[in-house]
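Residue numbers (the numbering used here), protein chains in the order written: chain X, 980 to 1261; chain L, 4 to 346; chain H, 697 to 1084.
Any given hint might turn out to be false.
[What the hints assert, rightly or not] Distance condition first, Cα-Cα at most 20 Å in a straight line; then the derived PhoX-like pairs of lysine-lysine:
1) H:K963 - X:K998
2) H:K963 - H:K975
3) L:K250 - X:K1182
[Unchecked claim] Partial selection, computed: residues in chain X whose CB lies under 8 Å from chain H:
4) P1186
5) D1187
6) Y1195
7) R1196
Hints were generated in silico from the structure; no laboratory data involved. All C-beta atoms in this analysis are idealised placements derived from N, C-alpha and C, irrespective of residue type, glycine included.
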Amino acid sequence: MRVIVILGRVLDPSGIVVKGKAGRIFVNREEYVLQPADRCALEAALRIKDAALAGLRPSQDVEVVALPRGPLPDDDVLRQALATGADRAVYLVGQVANLPYTDDAAAVRVLAAAVERLGGADLILAGATTMDTGQGQLGPRLAEALGWPQVVGAWHVAAADGRVQAVCQSSPLLVGEEGGGTSYVTVEADLPAVVTVLPGVLKLRYPDGARLINVYRGVGEVAEGLEQWDVADLVDMESLKPLLERRGQDFPPERERGVRIDGTPEEMARVVADALRQHVGR
Amino acid sequence: MDASYLDLLMAQQEEVTEAAGGGGGIWVVADVVNGTVAPVTLEAIGAARTLADSLGAYVYGVLLGEGVTDLAQTLYQAGADGVRVADHSSLAQFALEPYLKVLSDLIEAEQPEVVIFGATAQGQGLAPRLAQHTGGGLIEHVTAVSLDEATRTVQGAFPIYGGEYFEIAACPEARPQFLTIEPGAFSAPFIDSYRKGEPTPLEVEPAEPAVRVLGPAEDFEPSPVPLVQAPVIVAAGRQAGDFEMVKRLALALGGQVAGDRGARDAGWIGPEQIVDVRGVTVAPEVYVAVGIRGDTFHNAAIEEAKFIVAIHPDPDAPIFEIADLCLEADPAEVLPALLEALA
Amino acid sequence: MDFTFSSEHVALRRMIREFAETEVAPLAAEIDREGRVPFETLKKLGEIGLLGVCFPQKYGGMGAGETGYCILMEELARVCTSTSTNVGAHIGIGAMSIYLDGTEEQKQKYLVPLARGEKFAAFVLTEADAGSDAAAIRTRAVREGDSWIIDGTKTFNTNGSFADIVTVLAVTDPTLGARGGITAFIVESNMPGFKVGTHENKMGIRGSSTAELIFDGVRVSHENVLGKVGEGFVSFMKTLDLGRLTLGAAGLGGAQAALDWSIRWAKTRKQFGQELAHKQSVQWMIANMAMEIEALRSLVYRVAWMVDTGQPFTQLAAMVKLYGSEVGSRAIDTALQIHGGLGYSRDFPIERGFRDARISEIFEGTNEIQRIVIASNIFRQHGVRIRP
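Kindly generate the complete structure, drawing on both the sequences and the hints.
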């Protein structure tokens, strides 16, 4: 079974300071980290591989392949994936406009072609959201491009026997419940399918030390898993023009702290629930 | 003139008749929850109305479900000029493929300029696939819109880095332009209860959903994740009362449980869950402090949290200086109501 | 001259930092208060291969070299000196002695499980009357056919109370002294006669175990002689030489933590209407701290590079330990001053850092010994043999 994981990088938010009043963003420390949701997707893929190896399912060789979410100036993210346990990673090189802002529509063209060149896959996992674009459309767009079923916003993923099962937060839309507390629901689809994984839902494993050293030194079996392809070989570069254009930034109003909510417990609860729903926004 | 005559006049004036065909328009795909139109849909119609007025276009609503035909009136009352209804048993529950089929056929037939969804589970599933299918552009989680009238392009602002600031994007050429809007970001439109109209039923070809809902995940509990990686944290202090309620709140929000030193002393949490500059410093998107008084060590550890809600009975609790929303109340009273409201 | 870290070391540091902040830091105060060794942390470190960070992969290690090991010590000490002490005793002197002097068989049998974190190591040297004067040890090993019987008591031993494999120095020929009369042995702690005595009640690094070890007729096979009979003292000194470097790295981590805390406090604390950061006296303290840390950092990683490229390092390693321990002590002392009364409180980590730092000038060769080593090396290069 081939599981593809889509990985992207993002500026470490702890190195960024936003001064809303001045309308400026200061990057004090330019360090990149893996997108947190993508890290959960990788963790989910590796757990599927672990489960297969542990023989919890009839023996099925699971191959985990990492692909980049968009144009990357270096292959660091892919090496991290290999160090953490992926079997292969493909670094796609080539000029794509609007680096680092990736238009998901353009990225999907490249990814769909990459999947084809890999010879297809059984499951594609991606983060459900990206910190620096605030968008979650890559996974579903890719699913549409490939014509596969999709599960958006998974808390847990398991795959075997030609099927993928995921746990998602239930909503009345999904199961027609009439309230009763937030609960989780299990959904299932036949493979091949695309599943997007939420950030912060799985305890992430650390890379294996020896694999880490070897992949960055470019030695050993783990380094052999890193390949490099030219985007120009996959798609017509002209067709990669992004659909979206950045038109600037806006800054939220000064954060208002100490806002007291009054009323009966029910009234207070309603205000808080609305606000929480907005901010938790998964 | 008596009131009833006035009513009659108003009613006659507000019968909406649709302009003949023509395509284009600002479309809103409705979310139906528990048999009613979700507030985000009404907000979307309000936003659509503003765009449509500037563009000289019409606002159309789309209802999908079973037994939803009567809900069309709600959309008219919110400002829709036309409503399409796909009322069919196969659409009773939201499922991707059946809904996609209806919508993609509709989009092909009507060629909308803009299609707006609520950023709900339904919208987040449908919008990207439709955008990909039609070759349109999509901006998700939009909290504000403006219009580039020259190119008839919608500019959407959306939060990034957990709301630290907003990016503005637009789709200048590809059509339709798809948007998903954040619930509560746009104001509810004026509901004109006299406005009504005749919705157009749509032919529905049942399609098989590719994703099967197996049922409630009874035993599922989110795995414990290190606090520094958790986007949502619910923390308990000595005044939290029933710790089980705190755990249930965390579950409801999909968050991790934490606490201050007092919670550790009470034996509720482990050492790796103490939120304190001497313990773990956190920067979640949401931090709910239940019964935490908030001393310097605790408050310094949550400085970087994006949104803080504090519940404590003492009005002078230092936590209220840094919390965004402050509830001077006994957690034992507020938590049950909060869990109810979140359901 | 390229002063950049290679990409694998950058990636290694990133991983260790995340580990340190997520797994080690939350426990630091508690293990100090309770005086317990964080076995759960050591297990996690072992699982990802960090307990064999510097050993070649063919021995189950990570192959990151001395540089990788210094990075590990620095990042761990930055959040918890007790943890870095546990790790340092295991890797840097315990397992290292087998790596430096073991036969291939011994390495396969003992080093591999240690590097994999499956077993723990300790390095057993010090006795009640033999501290700095290491050659004055009295533990005796007597040959009996194909085995040796070891008798004696060792004190102040780190990790010995829970180690599975210990390397111990014993006198095999009392007439010969350090040159020819002392031998090193590999002892497994489950061998009959090996006992753990009293535990030390220490001022600092209370999350590490320091105990008395009793060898009561412990019988080991002749195959467990580490290195050559009679050459134990020399080989142990070699191991200690290398261990010094990483102690300096730990000092660097502690100093960096002291600086980070101080900056944070200076930014927050207001007196006389201004944050401390605006007070010149505090600015100078911070500047001095930062300067010493930079100098130490350059020294640590330069010497690590020299080790990794096979260059002689004894004198420099002693300098690293000496300077690292002193910089660490000065930094935390300054941090304590900057934090004022709060720094003195046991509810705040500064006082723990203060207690933890003090030992670094004493163990692994006191700073006085380091100075002798450095001076001896210097004078020997100029043709003068210092008489001890």
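Tested hints:
Between K963 (chain H) and K998 (chain X) the CA atoms are separated by roughly 18 Å; this keeps the pair inside 20 Å, and the hint holds. For the proposed pair K963 (chain H) and K975 (chain H), the alpha carbon gap of about 11 Å is at most 20 Å, so the pair holds. Distance check on the hinted pair: K250 (chain L) and K1182 (chain X) sit about 18 Å apart at the alpha-carbon level, within 20 Å; holds. The interface hint given for P1186 (chain X) holds, since its Cβ lies 6 Å from the closest Cβ of chain H, which is under the 8 Å cut-off.
The beta carbon of D1187 (chain X) is positioned within 8 Å of a beta carbon in chain H (closest approach about 6 Å), and the interface hint is therefore held. Annotation: Y1195 (chain X) was flagged as interfacial toward chain H, and the flag holds, the nearest CB pair being 3 Å apart, inside 8 Å. For R1196 (chain X), the shortest C-beta to C-beta distance to chain H is roughly 5 Å, which falls under 8 Å, so the interface hint holds.
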